[in-house]
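*Asks:* Residue strings, one per chain:
2 protein chains.
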Amino acid sequence: MTQHYTIGIVGTGVIGRSWTVAFARAGHSVRLYDIDPTRAQEALDWARQHLTTAGAVDAVSLHTDLAAALDGVDYVQECGPDGLEIKQTLFRELDAVAPPNAILASSQSDYDTNVIAAGLRGADRCLTAHPVNPPHIVPVVELLPTEAVPAATIERACAVLRSAGQTPVVMRRYVPGLLMNRIQAAMLKEALALVLDDVADVADVDACVSDGLGLRWALLGPLAVADANADGGAREYFTKYRDSWIELMDGLSPTPAFTPEQIERIGRSVEEARGGAPAADVHAWRDRMLTALLELRRADPSPYTSATA
Amino acid sequence: MTQHYTIGIVGTGVIGRSWTVAFARAGHSVRLYDIDPTRAQEALDWARQHLTTAGAVDAVSLHTDLAAALDGVDYVQECGPDGLEIKQTLFRELDAVAPPNAILASSQSDYDTNVIAAGLRGADRCLTAHPVNPPHIVPVVELLPTEAVPAATIERACAVLRSAGQTPVVMRRYVPGLLMNRIQAAMLKEALALVLDDVADVADVDACVSDGLGLRWALLGPLAVADANADGGAREYFTKYRDSWIELMDGLSPTPAFTPEQIERIGRSVEEARGGAPAADVHAWRDRMLTALLELRRADPSPYTSATA
Chain A
1 MTQHYTIGIV GTGVIGRSWT VAFARAGHSV RLYDIDPTRA QEALDWARQH LTTAGAVDAV
61 SLHTDLAAAL DGVDYVQECG PDGLEIKQTL FRELDAVAPP NAILASSQSD YDTNVIAAGL
121 RGADRCLTAH PVNPPHIVPV VELLPTEAVP AATIERACAV LRSAGQTPVV MRRYVPGLLM
181 NRIQAAMLKE ALALVLDDVA DVADVDACVS DGLGLRWALL GPLAVADANA DGGAREYFTK
241 YRDSWIELMD GLSPTPAFTP EQIERIGRSV EEARGGAPAA DVHAWRDRML TALLELRRAD
301 PSPYTSATA
Chain B
1001 MTQHYTIGIV GTGVIGRSWT VAFARAGHSV RLYDIDPTRA QEALDWARQH LTTAGAVDAV
1061 SLHTDLAAAL DGVDYVQECG PDGLEIKQTL FRELDAVAPP NAILASSQSD YDTNVIAAGL
1121 RGADRCLTAH PVNPPHIVPV VELLPTEAVP AATIERACAV LRSAGQTPVV MRRYVPGLLM
1181 NRIQAAMLKE ALALVLDDVA DVADVDACVS DGLGLRWALL GPLAVADANA DGGAREYFTK
1241 YRDSWIELMD GLSPTPAFTP EQIERIGRSV EEARGGAPAA DVHAWRDRML TALLELRRAD
1301 PSPYTSATA
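Those protein sequence lines, which keep their order, are chains A and B. Following our numbering from start to finish, the first sequence increments by one per residue and tops out at 309. Following our numbering from start to finish, the second sequence increments by one per residue and tops out at 1309.
Everything labelled a hint here was simulated from the structure, so no lab data went into it. Note that the structure is a prediction, hence the values are computed from the model and not measured. Here a beta-carbon is modelled for each residue, glycine too, at the ideal position from N, C-alpha and C. Any given hint could be a false lead.
Between beta-carbon pairs, the in silico distance windows are [claimed, not checked]:
1) B:THR1038 to A:THR52: 51 to 61 Å
2) B:TYR1241 to A:THR53: 36 to 46 Å
3) B:ALA1279 to A:GLU264: 45 to 55 Å
4) B:GLY1027 to A:GLY251: 34 to 44 Å
5) A:GLY251 to B:ALA1096: 27 to 37 Å
6) B:HIS1283 to A:THR53: 33 to 43 Å
7) B:GLU1155 to A:ALA284: 27 to 37 Å
Far from chain A by the CB rule (all over 10 Å, computed), these chain B residues [to be verified]:
8) LEU1044
9) ASP1058
10) ALA1148
11) SER1163
12) TYR1304
Produce the complete structure using the sequences and hints provided.
*Replies:* Spelled out as structure tokens, the structure:
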């Protein structure tokens, strides 16, 4: 039988409401708090539309007092506004009122968790758990525990996330952008440069990914792709193509200046490619395609193990 | 009614046999040539297994003489061995024996087409048409015409490729690695560095892509992802996050040294993640998942236009 958890969601915007669906759908009790009660109510309404069982809907409760919201929780997912001081203040409050054993996780990706939780008595239960938007659909969550968090607590956080269908990935130390924004930045840097240096148009550079490389990356990470590219695996592949990759990597484009003219040029071209479709239509299309794609993968799983077992 | 083309495939290894299926499946006549007749026969056998109609199988013919193979072709897809001199020699031969109006396309991605076709009378019909492996499944093909190729010939090459279900992307000028290997290099460089700098394990870095970012990239290119991330589109997104992206892009990791120890470490970790599955099983899984994924996309197309219209 699956373990039942009581989850606190603090901050109920776009990310908080999505986490609400992920945890409630898994059969957990979810307690919502937002400094703005109207936003908490909107998140509850949105979650109701995205939950398919009455039991899951009933397991979500609204609270107007932070201490009351966190009464009895096992795990808190903080989804408040950006900003280091805001996060530090929030974590001070969470640490003061949450039950002593509750894990305190932030959805942020901008700061070192050690700095957010600096000086807190409960720093040994604080971590970052940064999802890809929207977390109730996309499984991966990157975890950055503070240096004080013991292995057993990291394992407990992973268990809570896995029980909600997420794929936790554990970082050993802080780097700016964590893992995912760095990987995104690397690709975006080269993609923007190829357009701004007049090598190809926006729609063409995007098609290289959406109609080519990205199809494989929805199945295999970059290192598994290399591994699958030679009969002798990644070892043979990187030995054989070592010099080509070094030359290519050394010759990649520098960071664009992001001048207003460059931003205007990129913005106009992507807008043309979008053909006037409203953002809400794009999000709805993306989410239903992601759901279908993940169903395909569940029905026919990858030979590669996925992330920290 | 769709135009019928006669296609020459020169070099019938892994890429050539896959192109054979793509063109024959589309109803075109496909004429195979390889300097090794055994390999050409193996490619034909492989293509037969991958073609579902008798008509398509009958439209593939084997030839042991290059001039005879190219008799009456509209388009040649060269898939010979790597190496600049090999490509130059091959293109000299192709240009000498192919019908005067036939387009000569190379599957290579290592050289500037202008250098491969330098000095040829038919340089104005030579281009690179580099696919993602395997081309009968993955649609994108990046085109690099020589500077002498007129727009009408580029359009003709695109029409041939589109008739076979491919998505041609046209480059305006040569850059090392063309578009796709540069984009791959950018991601691989950062992914390798995150592992080698002990920030996270191979399986965890891969999961950031295969269970996260890559799922979106199978639907939207990096610029369309940015566009979908703000209500006001890419313009608003890049204006708002300009400074964060510049800081992150400037702080990305340098090229790894690819020492034997580093290659061994990466190789061993990916192998562990593969759990002993043979390469053939991984390829079969990848190809059936790609096929299913592309069927999903055809049934429910993206709001974004894909590549050069």
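*Asks:* Would you list, in rising numerical order, the hints stated earlier that this structure does not obey?
*Replies:* 12
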